[in-house]
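**Student:** Read off the chains here:
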Amino acid sequence: MELDPLVLMGFIRALIERQFMQYALITGVLVGLLAPMIGSFVVIKRLSLIADTLSHFSLAGLSIGIFLLNILRLPIGDPLYVGMMFAVIGALLIEALRSYYKNYKEISMPIVISLGTALSALFISLAGGFNTEIYNYLFGSILTVGRNFVYIIAITTFVIFVLIIIFYKRIVIISFDERYARLLGIRVGVFQFFSTIILGVVVSLSIETVGVLLVSSLMIIPVAAAMKIGNSFKTTLLIAILFSEVSVILGLWLSYSFGFPSGATIVLFNILILLLVIIVKKIFTSPHAEEATTFESEVQPE
Amino acid sequence: MRVEVQNLSFSYDYRPVLRNVSLSLESGDFLVVVGNNGSGKSTLIKCILGINRVPDKKIYLDGMEINEFRKWLRIGYVPQKLDDFNYEFPITVNEIMHVSRYSKMRDEEKLALFDRMGILELQNENINTLSGGQLQRVFIARAMVNHPDLLILDEPTAGIDSESEAKFYRIVNDLNDEGVTIILISHDLKPGKSNFNRIMRLTDGRAKTMAASEYFEKGVD
Numbered sequence: 526m527e528l529d530p531l532v533l534m535g536f537i538r539a540l541i542e543r544q545f546m547q548y549a550l551i552t553g554v555l556v557g558l559l560a561p562m563i564g565s566f567v568v569i570k571r572l573s574l575i576a577d578t579l580s581h582f583s584l585a586g587l588s589i590g591i592f593l594l595n596i597l598r599l600p601i602g603d604p605l606y607v608g609m610m611f612a613v614i615g616a617l618l619i620e621a622l623r624s625y626y627k628n629y630k631e632i633s634m635p636i637v638i639s640l641g642t643a644l645s646a647l648f649i650s651l652a653g654g655f656n657t658e659i660y661n662y663l664f665g666s667i668l669t670v671g672r673n674f675v676y677i678i679a680i681t682t683f684v685i686f687v688l689i690i691i692f693y694k695r696i697v698i699i700s701f702d703e704r705y706a707r708l709l710g711i712r713v714g715v716f717q718f719f720s721t722i723i724l725g726v727v728v729s730l731s732i733e734t735v736g737v738l739l740v741s742s743l744m745i746i747p748v749a750a751a752m753k754i755g756n757s758f759k760t761t762l763l764i765a766i767l768f769s770e771v772s773v774i775l776g777l778w779l780s781y782s783f784g785f786p787s788g789a790t791i792v793l794f795n796i797l798i799l800l801l802v803i804i805v806k807k808i809f810t811s812p813h814a815e816e817a818t819t820f821e822s823e824v825q826p827e
Numbered sequence: 383m384r385v386e387v388q389n390l391s392f393s394y395d396y397r398p399v400l401r402n403v404s405l406s407l408e409s410g411d412f413l414v415v416v417g418n419n420g421s422g423k424s425t426l427i428k429c430i431l432g433i434n435r436v437p438d439k440k441i442y443l444d445g446m447e448i449n450e451f452r453k454w455l456r457i458g459y460v461p462q463k464l465d466d467f468n469y470e471f472p473i474t475v476n477e478i479m480h481v482s483r484y485s486k487m488r489d490e491e492k493l494a495l496f497d498r499m500g501i502l503e504l505q506n507e508n509i510n511t512l513s514g515g516q517l518q519r520v521f522i523a524r525a526m527v528n529h530p531d532l533l534i535l536d537e538p539t540a541g542i543d544s545e546s547e548a549k550f551y552r553i554v555n556d557l558n559d560e561g562v563t564i565i566l567i568s569h570d571l572k573p574g575k576s577n578f579n580r581i582m583r584l585t586d587g588r589a590k591t592m593a594a595s596e597y598f599e600k601g602v603d
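Protein chains in written order, with our numbering: chain B, 526 to 827; chain S, 383 to 603.
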């Protein structure tokens, strides 16, 4: 396959002329900003699997939504709303199970994932089986998003951005050191409740971009790459957002130009960047230096 | 800050850990708590920090009943281990201080605090690159960033070398000289290093407290 400049020109012309491409670009850029931003806090708290769990649970909501809409003919609008509701319910369910199994917190993930997948299978079947709509939910369909979705995601991004700016200090200290945050008198439980809901919303919105099966990669992989080269929290966050945006734009371009599935292309670019970071880091870090770092952080001599 | 503990007993799942512990500290006191593993040292600290919920009228902080007490920024705490801190993700010393600070501190004051803790040149370093002793001084600075008048340190010298330990005691003694009440938990007491004036030995949850002078005269047992 040849990547001549005309292909790039075609992409740029499509962005200028075609509304669906503009919607796709806006959605991609906003999700590319939101996902790693929220993903960073998830990674710090070692909860990387939570996004996957929530997206599977959200799929249950989407399938129920399709069933209600297509079979029972209920005027529920877009199945996306039911999906969002389920992502939030799933998030609260995880929190509840995590406090129930205090010493085996990770057990909450497979329980919620199983429930979500089972409900999805059941309602997909009740709604008439596998179809394009379901395929799009599984693997994403950024090129088909509509104006309404762009509004929803723009408002959500704005609200989450403002919340993060206002509560930045509290969110960061809770993520890094929950116990210390409690000692400072911060109401950790309240913050956790709201961040869980926000996480659910972001996951369900990201489904439109890369699909249920790939959502977690959008939140986690750019962060995984950035944390290997960032020196401070803020630079790591910015690098993660940069990686994510580059992947979204390149993914969108290839997906439009060659008809590749958009979600998969975006995620593969994310993985490519991660691989490059790992390789470059290996080349520029001598084995001796790496040894010294390990020694310092583990044995902690002065 | 004055600390008053009155006949405090505490159990985890019906297993008694503290039995009738009493303590009275005036502002500017320096108490060392010693005892074997499992003697109840950390449990006592968790009660004073409000992490373990205790019945009413058992602990008073500056005369205020602990369940009514809200001014938690007045207490600084340096944890025993850094396990609670998710430290593999990049964050600089400066950023930790920023997100831990909820009272006013001018830039000059912050830099003076860093200088005093010997971490001035480390302020823009990622904490993952710091040594054990450096990290510990960062965590003392974090505990001091809200101008506390009670500083609680849980086994702070475990796992650091003797030079860092000496530096650590100098800092804590200086803070105490300035009027900060100190509670220092220690696995074993090393006389001559800290300026403590009170000592408490915990044995199976029972406390015996005495003045430092008395300890040096008779020994703690």
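These are computed hints drawn from the structure, not numbers from a lab. Do not rely on the hints blindly, as some may be mistaken.
If you want the ones that stay clear, here's a sample from chain B, every Cβ over 12 Å from chain S, calculated [claimed, not checked]:
hint : residue
1    : Ile638
2    : Thr642
3    : Phe655
4    : Thr657
5    : Ile680
6    : Thr682
7    : Lys694
8    : Ile699
9    : Phe719
10   : Ala751
11   : Ile754
12   : Asn756
13   : Ile764
14   : Phe785
Derived lysine-lysine pairs resembling DSS-like cross-links, with alpha carbons at most 30 Å apart [said to hold, decoys possible]:
hint : chain 1 : residue 1 : chain 2 : residue 2
15   : S       : Lys492    : B       : Lys570
16   : S       : Lys575    : S       : Lys428
17   : B       : Lys570    : S       : Lys486
18   : B       : Lys694    : S       : Lys463
19   : S       : Lys428    : B       : Lys570
20   : S       : Lys492    : S       : Lys428
21   : S       : Lys453    : S       : Lys439
22   : B       : Lys753    : S       : Lys463
Beta carbons: idealized from backbone N, C-alpha and C, even for Gly.
**Student:** Now tell me if each hint is right for this structure.
**Tutor:** To see whether the hints hold, each was checked on the structure:
1. Ile638: About 24 Å separates Ile638 (chain B) from the closest Cβ of chain S, which puts it past 12 Å; holds.
2. Thr642: 29 Å, holds
3. Phe655: 40 Å, holds
4. Thr657: 40 Å, holds
5. Ile680: About 28 Å separates Ile680 (chain B) from the closest Cβ of chain S, which puts it past 12 Å; holds.
6. Thr682: Since the minimum Cβ distance to chain S is about 23 Å, Thr682 (chain B) lies beyond 12 Å and the statement holds.
7. Lys694: 4 Å, violated
8. Ile699: 9 Å, violated
9. Phe719: 18 Å, holds
10. Ala751: The claim is violated: Ala751 (chain B) sits with its nearest Cβ about 8 Å from chain S, within 12 Å.
11. Ile754: Check fails; 9 Å does not lie beyond 12 Å.
12. Asn756: Non-interface label fails for Asn756 (chain B): nearest chain S Cβ at 5 Å, not farther than 12 Å.
13. Ile764: With a cut-off of 12 Å, Ile764 (chain B) comes too close to chain S, as the shortest Cβ separation is near 10 Å.
14. Phe785: 33 Å, holds
15. S:Lys492 x B:Lys570: Cα-Cα ~28 Å, so holds.
16. S:Lys575 x S:Lys428: Answer holds: Lys575 (chain S) to Lys428 (chain S) is near 25 Å, not above 30 Å.
17. B:Lys570 x S:Lys486: Measuring from Cα to Cα gives roughly 28 Å; hence the hint holds.
18. B:Lys694 x S:Lys463: 23 Å, holds
19. S:Lys428 x B:Lys570: 23 Å, holds
20. S:Lys492 x S:Lys428: Roughly 28 Å between the alpha carbons, so the hint for Lys492 (chain S) and Lys428 (chain S) holds.
21. S:Lys453 x S:Lys439: OK: Lys453 (chain S) and Lys439 (chain S) at ~17 Å, within 30 Å.
22. B:Lys753 x S:Lys463: 24 Å, holds
Violation of the numbered hints given earlier is confined to hints 7, 8, 10, 11, 12, 13; the remaining hints are satisfied by the structure.
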